[in-house]
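Construct the complete structure from the given sequences, taking the supplied hints into account.
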Amino acid sequence: MDNLLSVNGLIMDFGGLRALEDLDLHVKKGEILALIGPNGAGKTTFFNCLTGIYRPAAGDICLTTPGGSMSIAGLPPHVITKKGIARTFQNIRLFPNMTVIENVMAGRHCRTNTGIAGAIFRGRAAVKEELEVVERSYEIIKKAGLARYVNELAKNLPYGEQRRLEIARALATEPLLLLLDEPAAGLNSRETKELDMLISEIRDLYKISILLIEHDMKLVMSISDRVAVMDYGKKIAEGRPDEISRNSTVIKAYLGEEFVA
Amino acid sequence: MINFSDIKKSLLISVWFMFLTFPIMVIRVNPIDKIVEWRWLNMILVGAASFIASFAWKHYFDKKEKGKSVKTFLKSGHTVFINNIADKKRFRLSFAFILFASAIIFPFIFSAYQVNIITTALVYVVLGLGLNIVVGIAGLLDLGYVAFYAVGAYSYGLLNHHFGLGFWAVLPAGALIAALFGILLGFPVLRLRGDYLAIVTLGFGEIIRITLENWNEFSSGPSGIANIQRPSLFGLELSLQSAAVYIYFLMIALTLFTVFVVKRLQNSRIGRAWLALREDETACEAMGINKTKTKLSAFALGATWAGMMGVMFAAKTTFINPASFTFHESAMILSIVVLGGMGSVSGVTAAAFVLILLPEYLRAFSDFRMLFFGAILVIMMIFRPQGLVSGARRAYRFNKADDKI
Amino acid sequence: MGKRGRNLHRDIILKFNFDSVRFMEYFFELLLGGLTRGSIYALIALGYTMVYGIIELINFAHGEIYMIGAFTALIVASLLTIYGFHGVSILILASVAAVIYSSAYGFTIEKIAYKPLRRAPRLSPLISAIGMSIFLQNYVRLAQTSDFLPFPSLIPEFGFMRDYEHIFSSAELVIFIAAALIMAMLTFLVKLTRMGMAMRASAQDRKMAMLSGVDVDRVISVTFITGSALAAVGGVLIASHIGQINFSIGFIAGIKAFTAAVLGGIGSIPGAVLGGFFLGWAESFATGYVSSDYEDVFAFALLVLILIFKPEGLIGRSKANKV
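Residue numbers (the numbering used here), protein chains in the order written: chain H, 161 to 421; chain F, 27 to 431; chain V, -19 to 303.
Hints listed in this document are in silico derivations from the structure and should not be mistaken for laboratory results.
Idealized CB from N, CA, C, for every residue including glycine.
Fair warning: there could be bad hints in the mix.
[Claimed, not checked] Just a few of them, taken from the derived set where beta-carbon distance is under 7 Å, the chain V residues facing chain F:
1) I38
2) I55
3) S69
4) L73
5) P96
6) S108
7) M112
8) I114
9) A178
10) A181
11) Y269
12) V270
13) P291
[Unchecked claim] When the alpha-carbon atoms are kept at most 30 Å apart in a straight line, the in silico BS3-like pairs for lysine-lysine are as follows:
14) H/K315 with F/K35
15) H/K315 with H/K303
16) H/K315 with V/K171
17) H/K315 with H/K412
18) F/K317 with H/K242
19) H/K303 with F/K317
20) V/K95 with V/K171
21) V/K95 with F/K34
22) H/K302 with H/K315
23) F/K317 with H/K288
24) V/K91 with F/K89
25) V/K290 with F/K35
26) V/K171 with F/K90
27) H/K302 with H/K378
Here it is, written out as structure tokens:
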């Protein structure tokens, strides 16, 4: 399998603090890679560098799209989304006063191009595009199991459904790589199981890669093809889930020195 | 319900307000003639008003605290009625028809003076709808909106004065120039945070006004530009009376045009991007929406309407000077948007009529109008930030059976 | 003195270009005039910066607090004059009344217009503040007058200043000294008292301060009261220096003081003082040497430029946004 995303020597500083130190990571096409690590290890910072919210101090981020490979480090967020990386946020960031379908339709923005003139005159192309947007959005909403909420305001959704809506909205941008920042945080065990299924389904259906940050080890172990572990801004281990669960460096990072057998 | 401690509290509050307003409301000194005027009646009025207001205030916040839905409290009475009747399609159609018919008949029944007042109200409807794009939909607090209005008015004033260009030539040109100004000003300021953006736009508005006031060679300063041509009808010069009617119908057409365009924009890809921008900038960018471009388009479109109305204003009054374009004008338009409900087309239209016509017809009010505009901004923010008429904007509703948009 | 005097000097410079004594005198007049202006801006700017530091709100009505302070002082001073008081006693009583009333207004405005909006979207309290500002202006206009009112010059002329009066008047001296004293007191309050510590804690992190037992509502009230009192002092001093007031003086003064606060990095107390002096000098020299027609445009342009290019202020550092 080829790499979809390769990150080499990524460095990110905040003032004097080094949040990411010489990070290398590769995501293969069609795999689910879990990124784990203690709080403050720099996982979300890494996501923010990938999606252009932060500009990394050094290093390279290379994305392979059907159109060829390119470096995306330092590009603005909306350009990166258009190239094919979509994300969700740790503390859900929906458009609270828009309906579920409007949220997902907003995700279609970067794949459509009706301008002001098109919006006013509603020419044939604009109408066709709008119909397509509605159609596609509804499809995704159905897939995410939100069909019965379709006209509900996002802020009125139950918590678990908001998480799913965020994933649906990200999917609407047609990503090659989907970044999920703690998708199971705050979910109960039934919801987590549903999420597990949803993520695998998404991967199989849309043939995309998924990189997720997660603390729920059960979910991580069941869902991911590979696991990467971060601590203090560095990658300290990488491998299959069963390898990672036996890795002494990882256990040390999570539980402290004395627990290593 | 009402117990003793509540009354005591309200009494204390009213005493506090009597104290607070004492020097300004009660005493008036004429330092030259050395006469002191004591207006004790004012004190009694303040005391009584604040006593009642404090009860209402407490009642409202108690309800809110108790977790009783504030919505049901507020929606009691006529607002529910308005919302309900607004939902009925047949009623809406007949209502629109009656409105349209009376709008057509109006100028033939009433005097030119009345027609002029309605025209003014319509100008503010359009200004409100334009600012509504910027503030209500895209969430950018623009406090210098009047600057674009001034740009439009001076475009017509100057182009007419120097080059003799007519109304119809300058209407699109003025809109375009204002849009251009919007883009020029917008480009540097739109990356600022919300509250700084507000202050910078206020600054720009004032800069433009003061420049117009002082740059005599360009704008003939505070004395302004007079004898601007009224719009002509196929080259015909109209009498004062028929010109007023003509402008009135022009304004009706322009208002309908604006409503049409704003509605279409709202329910489009661009409109969704504006809304998303207002809701959450970071998430908006993560959805692949170009923040700068989206903000700029909202800003420029808002400016376009202000520019157009500026041309209209100059043509209607035939005289313009910088005094018409103060910050208070911006604040007035903002009050219209806030009262109407950010993002709601019908709400803004209704609010513009209420806020412009009320002080016109109740002469006693006209002195207090700015006082009211200020109070409206505060009260609406506290009690009903979503606007008075409709609870929320009409969201896009997905309907499986209905394949048309 | 004031504008007319300055113009006179400018004429003199135009006529006698080589008169270097006059030139230096004019320079010093502008320098010291800027210092006076600056200390007033600083006094008002402190209110903006303290409020912004704690609740991140541009208190748009702050300029009106300053105006109400000046009006209260005028009313009290006129009353006392009619009832036969004299000189310094009027100045002191009028200032005290101004401080009490401005603080009371500041306190009340926060309770009515801002406190219910603590958890509202960011723009709501700002719109409310703008509304409050317009309301207060028109409240004073309707209850008093829309004309400019003459303000008695309450500050006495000192004998020892007689020879320098054309460069630096007694009033300007008093303004500068009063402002400096008040700022020293404020520094003491913020740095050394328990209340000051609570203020600084709330400015750093309101939630955390609340959890560690700080009564944040009280801190916010005290901040508004302090800021308003400073504005009132500024109002009395400048009004008695310029000699006239009306209901709209708060708007421009407020914008300029806000500019000063941003120049120094909003939220920073020494920054507001430095920003005030910087703006005072910049304005004084620009109007003195270039043109006074565009005096206000100059302040607005400075505001726009600083917000666009260096919103963290001349001496501040930028913060990364949290996601």
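What are the numbers of the hints the structure violates, in ascending order?
3, 4, 9, 10, 11, 12, 14, 16, 17, 25, 26
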